[in-house]
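Novice: Let the hints inform the model, and build the full structure from the sequences given.
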Amino acid sequence: MWYLCVFFHRLLDYRRAEVESLAEMLGVYSSLEWRLPENQHPDSPFHLVNLPSEDVARNIANRSILVKGIYELWGEGSSLEQLEESIKSYPEDRKLPYLTCETTFKVTVDSFGKAISFQEQNDRIKSLAYIPFKGRVNLKNPDINFWLMETDDYGAHNGLPPVVQRRIFFGRLVGGADRKLLPTYELKSRRYLGPTAMDAEVAFLMANQAQVMPGKLVYDPFVGTGSILVAAAHFGAMTMGADIDIRAVRDGRGPDCNVWSNFKQYGLPLPVALLRADNNLPPWRPGLKEIFDAIICDPPYGVRAGGRKSGGRKLLKGIVAPYTVPDDKRTGHIPSTAPYSLAECVHDLLDLAARMLVMGGRLILSSRYSRVLLTMVKTGSYTEKVAEAATIKHQEFKENYVKRLEDGNLHSSVFSPVHPQLGEETDSKSCKELKPKYRGKYV
Amino acid sequence: MRLFTHNMLSSNIKGVANGFPLRIEVDQVVEKQVDFNPDFLKNMFPKLEWKALVDAARTMGYTELPEEADSSMLESEDFLRKLHHALLELHLEEGALVCPETGRKFPVTKGIPNMLLHEDEV
Numbered sequence: 001m002w003y004l005c006v007f008f009h010r011l012l013d014y015r016r017a018e019v020e021s022l023a024e025m026l027g028v029y030s031s032l033e034w035r036l037p038e039n040q041h042p043d044s045p046f047h048l049v050n051l052p053s054e055d056v057a058r059n060i061a062n063r064s065i066l067v068k069g070i071y072e073l074w075g076e077g078s079s080l081e082q083l084e085e086s087i088k089s090y091p092e093d094r095k096l097p098y099l100t101c102e103t104t105f106k107v108t109v110d111s112f113g114k115a116i117s118f119q120e121q122n123d124r125i126k127s128l129a130y131i132p133f134k135g136r137v138n139l140k141n142p143d144i145n146f147w148l149m150e151t152d153d154y155g156a157h158n159g160l161p162p163v164v165q166r167r168i169f170f171g172r173l174v175g176g177a178d179r180k181l182l183p184t185y186e187l188k189s190r191r192y193l194g195p196t197a198m199d200a201e202v203a204f205l206m207a208n209q210a211q212v213m214p215g216k217l218v219y220d221p222f223v224g225t226g227s228i229l230v231a232a233a234h235f236g237a238m239t240m241g242a243d244i245d246i247r248a249v250r251d252g253r254g255p256d257c258n259v260w261s262n263f264k265q266y267g268l269p270l271p272v273a274l275l276r277a278d279n280n281l282p283p284w285r286p287g288l289k290e291i292f293d294a295i296i297c298d299p300p301y302g303v304r305a306g307g308r309k310s311g312g313r314k315l316l317k318g319i320v321a322p323y324t325v326p327d328d329k330r331t332g333h334i335p336s337t338a339p340y341s342l343a344e345c346v347h348d349l350l351d352l353a354a355r356m357l358v359m360g361g362r363l364i365l366s367s368r369y370s371r372v373l374l375t376m377v378k379t380g381s382y383t384e385k386v387a388e389a390a391t392i393k394h395q396e397f398k399e400n401y402v403k404r405l406e407d408g409n410l411h412s413s414v415f416s417p418v419h420p421q422l423g424e425e426t427d428s429k430s431c432k433e434l435k436p437k438y439r440g441k442y443v
Numbered sequence: 444m445r446l447f448t449h450n451m452l453s454s455n456i457k458g459v460a461n462g463f464p465l466r467i468e469v470d471q472v473v474e475k476q477v478d479f480n481p482d483f484l485k486n487m488f489p490k491l492e493w494k495a496l497v498d499a500a501r502t503m504g505y506t507e508l509p510e511e512a513d514s515s516m517l518e519s520e521d522f523l524r525k526l527h528h529a530l531l532e533l534h535l536e537e538g539a540l541v542c543p544e545t546g547r548k549f550p551v552t553k554g555i556p557n558m559l560l561h562e563d564e565v
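Chains A and B are the protein sequences, given in the same order.
In terms of my numbering, the first sequence opens at residue 1 and continues consecutively.
In terms of my numbering, the second sequence opens at residue 444 and continues consecutively.
The hints are simulated quantities; they were obtained by calculation from the structure and are not laboratory data.
Careful, some of the hints might be misleading.
Within a straight-line C-alpha distance of at most 27 Å, the following computed DSS-like cross-link-like pairs (lysine-lysine) qualify [said to hold, decoys possible]:
| no. | chain 1 | residue 1 | chain 2 | residue 2 |
| --- | --- | --- | --- | --- |
| 1 | A | K309 | A | K385 |
| 2 | B | K490 | A | K317 |
| 3 | B | K553 | A | K329 |
Specialist: This is how it looks when you write it as structure tokens:
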């Protein structure tokens with residue numbers, strides 16, 4: 001059955017992906033069908049999705065973080081008259097069970113891109129008089145929530161996707177995201193924070209993309225303050241984290257301000273394990289594989305915090321021989337570390353995921369450069385051959401990457417304008433004018 | 444550090460062929476209650492090195508685990524409880540993990556094993 005899926009106007013690229021991940025998690029294995037309502041921009045919040053049952057729709061919506069609501073659509077139209085026609089033609093047997101006198105209900109009027117005054121809202125509700133509501137109104141805790149949503153031309157200059165024509169939707173709410181999670185888990189009230197602690201909304205999105213469920217094992221190789229694992233633990237996963245910085249995992253900022261305290265603060269089960277390890281030289285026993293259900297991480301890209309790996313800078317270049325630690329100083333010795341390039345870091349991460357994820361397990365990583373979240377699914381088993389081929393590719397890439405760095409092209413390739421047709425010769429002023437007000441996904 | 448973690452770790456010092464299992468040196472063991480989750484245990488059981496787990500549990504003072512185990516035993520709640528206790532509730536709070544080949548100690552402080560290698564071991 002087709003449902004109206006209304007999203008929050010946030011993280012636009014991941015809204016459909018989140019619903020698809022959750023559908024798969026809930027056992028819907030065929031890929032979902034999507035449709036856009038008439039005259040809607042793909043970035044608009046209104047989408048139509050085909051779901052097998054109302055239970056699935058409710059479970060997806062309640063678990064998601066970006067779905068404002070999934071609605072059984074009773075009618076839509078470009079004007080209130082069209083809406084009335086559309087609602088009247090919706091099958092009676094689908095409507096009547098929700099209009100009986102035993103139920104309580106509420107009608108909410110909502111809009112996208114513009115505000116509707118209280119008076120207008122009431123007028124809209126009154127205009128629905130042709131629907132035979134028999135139940136009592138209950139504004140606080142109704143059995144049935146009806147929503148009247150509307151989008152209209154709000155001008156092209158407020159950074160929202162353009163609206164071609166006014167559209168009104170009326171539907172019955174099936175379920176919606178529990179956004180109360182966000183103020184609960186927001187970073188400003190978290191006790192232990194680092195410079196790259198993951199925003200709660202994105203962390204929950206990552207956990208949903210990873211299809212985290214109770215009893216699954218989730219690993220973060222760059223755990224830091226544990227901000228990603230907190231979201232995974234909220235959904236019941238067993239969590240495990242590693243970091244090369246012993247201060248982050250062991251000490252934090254004091255006895256009540258460390259990774260453990262971040263879990264205690266929300267009453268979540270503590271991580272199964274925290275360890276200090278180098279992702280470049282992981283300490284896993286030989287033969288250990290396919291153990292994590294998901295690997296979720298925010299690798300160190302060197303923008304706010306750079307990566308480190310074992311071995312000194314000079315040591316790795318071969319300028320100096322390894323420093324042999326005298327026996328009496330072995331305990332408490334702090335080994336030197338060297339910068340860990342992005343290319344190497346990502347290679348190691350992919351290698352780890354290929355080896356340690358269960359079949360069908362997911363690797364979720366954020367990328368600060370292009371502000372994207374990547375989700376990868378393991379589809380084949382890890383073999384020597386795969387590992388070797390990956391290493392060769394990595395070497396190739398690393399050489400080119402260093403060359404690009406030297407040529408100074410990295411910056412331009414990363415930060416080049418979204419719309420290259422503007423041409424490079426136009427000076428910055430005209431560029432500013434030409435830049436479309438609606439800048440797509442960067443919300 | 445739980446024994447679950449111990450079961451996954453090995454010494455990865457350059458040149459060490461047999462870094463597993465790491466010997467446990469105990470200074471302090473604590474027990475922490477964890478919610479019992481049979482599905483998780485059943486999932487993890489085939490991935491465990493059983494002998495290493497039994498030996499490690501003994502070092503920590505828990506001797507209830509049987510010498511041999513196979514997946515048919517997962518039906519027994521009693522067995523699962525014991526496995527749960529050994530795997531997830533026993534914590535090495537202070538101590539060390541010792542490489543079986545070189546004798547290098549990886550310290551465990553505040554429950555966190557430090558598996559980082561020294562310069563001459565990379």
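Novice: So, against the hints stated earlier in the document, which numbers end up violated here?
Specialist: 2
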